[in-house]
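Just so you know, the protein sequences line up as chains A and B, in that order.
Under this note's numbering, the first residue of the first sequence carries the number 238, and numbering increases by one thereafter.
Under this note's numbering, the first residue of the second sequence carries the number 238, and numbering increases by one thereafter.
No lab work stands behind these hints, which were simulated from the structure alone.
Warning: the hint list may mix true and false statements.
The list makes no distinction among identical chains, and a pair is therefore deemed to hold if it is satisfied within one copy or across any two copies.
Cut-off 25 Å, straight-line C-alpha distance, at most; resulting in silico cross-link-like pairs (DMTMM-like, lysine to aspartate or glutamate) [as the list claims (entries may be wrong)]: (1) K268 with D360; (2) K503 with E493; (3) K313 with E423; (4) K487 with D433; (5) K366 with D517; (6) K503 with D360; (7) K464 with E252; (8) K487 with D293; (9) K532 with D373; (10) K271 with D345; (11) K503 with E252; (12) K261 with D360.
Protein chains: 2
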Amino acid sequence: MQKPFTIGLIQMRMEEDGSANLAKAQAMLEKAAKQGVQVACLPELFRSPYFCKTEDHTIFDLAESIPGPSTEALAKTAKQHGMVIIASLFERRTAGIYHNTSVVLDADGKQAGIYRKMHIPDDPLYYEKYYFTPGDLGFKAFDTKYGKLGQLVCWDQWYPEAARLTAMQSAHVLFYPTAIGWHPAEKEEFGVAQADAWETIQRGHAIANGVYVAACNRVGFEPSPNKEGRGIEFFGNSFVADPFGRILAKASSDKEEIITAVCDPKTQEQTRRWWPFFRDRRIDAYGGLTERFGK
Amino acid sequence: MQKPFTIGLIQMRMEEDGSANLAKAQAMLEKAAKQGVQVACLPELFRSPYFCKTEDHTIFDLAESIPGPSTEALAKTAKQHGMVIIASLFERRTAGIYHNTSVVLDADGKQAGIYRKMHIPDDPLYYEKYYFTPGDLGFKAFDTKYGKLGQLVCWDQWYPEAARLTAMQSAHVLFYPTAIGWHPAEKEEFGVAQADAWETIQRGHAIANGVYVAACNRVGFEPSPNKEGRGIEFFGNSFVADPFGRILAKASSDKEEIITAVCDPKTQEQTRRWWPFFRDRRIDAYGGLTERFGK
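Bound conformation, chain A alone (with noise of 0.2 Å):
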């Protein structure tokens, strides 16, 4: 059995300059070494401030190839401390293609493979539909040097699907790069209750599938470009959850920081033995789950 791992989960505030980011990244990633972390998760478009804030065709320029820039320089930073990283970016992928990607970088520099998104939320200030196409590769979890790491971005959080079918592939643990936050209106009233939702159904995602979960969110407020409601507070609140559903280690709503938590793949065995869940699965009558909705 694969022996415990410690993972890190680096919650950063994103500046308006692409390489302050990368450089802050970097800076982040080595602390988080030297504290012992063997598999690091970025957050979610983690080189530039979350522009889908509004719908702009200039935007497209922050978008790179994969291999590229970001992944050039972070395998390096895998390499030098023998950590794997996790980076979500804003892939180019062709003329008129663009995704959001998470690239999953092994202890040596080399690409364990990608994960595009599959689930692209459209929202206001949220207009993702406009700049990602579809993920087309399915849910993935790939092999590491240190655990099977399942790889899902932010909207995926919502969709208990997205969670089993990585879950599958004996993933140890479901990372979630994230970008979610308040609207300056709604946080007084709904604040509390939609962060509170968003670590609820990532919990029931351990819970339901006996597995890890590790989501890495923003902080800091970011304003709209174009005034429309005024911007996002990104909320933080990056957190750790065993396979039990239990909160392991959680980030503050707003500070730049590491968590972190060791993964412990007798921990999922043992918690699979007591609540067997994959073994009641009733797969003969899931048939409906590829509808759209009931009739």
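Place chain B on chain A using the hints.
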């Protein structure tokens, strides 16, 4: 749009005598009706102590046909109070086929439908695979006078697939009659985490599906007939969550009581507009859910 309606969960302690349990259920249902409850749900297998703590051929004598004595008695209660009643029964379908079945009795006393528990557990002191043939009716929601009511039972609550397929039938509420408790030897170390996981995963179903969730458990310590592991302390904690996953009402862990909550289809409508998860499901990519596990 359907009007708001009030649901009530009847959290009971079971007596040895089956008639006493029926009488107590009817008394509590009457009390609930006087409190304005329009849809009431009883705990799983409310006619008897939880009999699956041991494997014994003679216990099949407890099973009854549907319609049968329990539904006849409860149909009268339903009609008398103009109240929908959800009753969980040990169903004898024919010689050698028994089910763990939920019956929905409409406000006029007529049977709105039955659901036969799809996911059957088997765990020390919960030897359900011995007693219950897995349901073959699929997942079900039934139209009633007050709303469309999704029917699930206990172990189903650990399966996001079951919640999804039931919600996809336009259910306003997912009901889970339940019999879950602590093994005395595990309670101190794991009791809190177990009850919390049980609630969390079901709140997750509410959030994922934008649907009300109502879980009705029993309370009380029931000894094990063969002294194995002493017995089970059923932990109550019956609750109703709204489509945002917020707890609207919650019962104690050890007392008989009725909890009530209002279900408003407008809240469901608004929640799904704000978080339109159904819109973005990747139904082209969910085929693997009918597999047992990955390669």
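Structure-based check of all given hints:
1. When the C-alpha separation of K268 and D360 is checked against a cutoff of 25 Å, the pair qualifies neither within a copy, at 35 Å, nor between copies, at 45 Å.
2. With identical chains, the CA atoms of K503 and E493 are never at most 25 Å apart, being 31 Å at best within one copy and 39 Å at best between copies.
3. In the homo-oligomer, the alpha carbons of K313 and E423 never lie at most 25 Å apart, since the shortest distance is 42 Å inside one protomer and 48 Å across protomers.
4. With identical chains, the CA atoms of K487 and D433 are at most 25 Å apart both within one copy (13 Å) and between copies (17 Å).
5. For a Cα distance limit of 25 Å, the shortest separation of K366 from D517 across copies, 10 Å, qualifies, whereas the shortest one inside one copy, 37 Å, does not.
6. Within a single copy, K503 and D360 get their C-alpha atoms only as close as 40 Å, which misses the 25 Å cut-off; across copies the closest is 20 Å, which meets it.
7. Only within a single protomer do K464 and E252 lie at most 25 Å apart by alpha-carbon distance; the minimum there is 19 Å, versus 64 Å between protomers.
8. In this assembly of identical chains, the alpha carbons of K487 and D293 never lie at most 25 Å apart, being 35 Å within a copy and 48 Å across copies at closest.
9. For the identical chains of this complex, K532 and D373 are inter-copy neighbours only, at 19 Å across copies versus 27 Å inside a copy, given an alpha-carbon limit of 25 Å.
10. Taking the shortest alpha-carbon separations for K271 and D345, only the intra-copy value of 17 Å comes in at or below 25 Å, while the best inter-copy value is 69 Å.
11. In this assembly of identical chains, the alpha carbons of K503 and E252 never lie at most 25 Å apart, being 40 Å within a copy and 41 Å across copies at closest.
12. Proximity of K261 to D360 under the C-alpha cut-off of 25 Å is found in neither arrangement, the shortest distances being 29 Å within a copy and 50 Å between copies.
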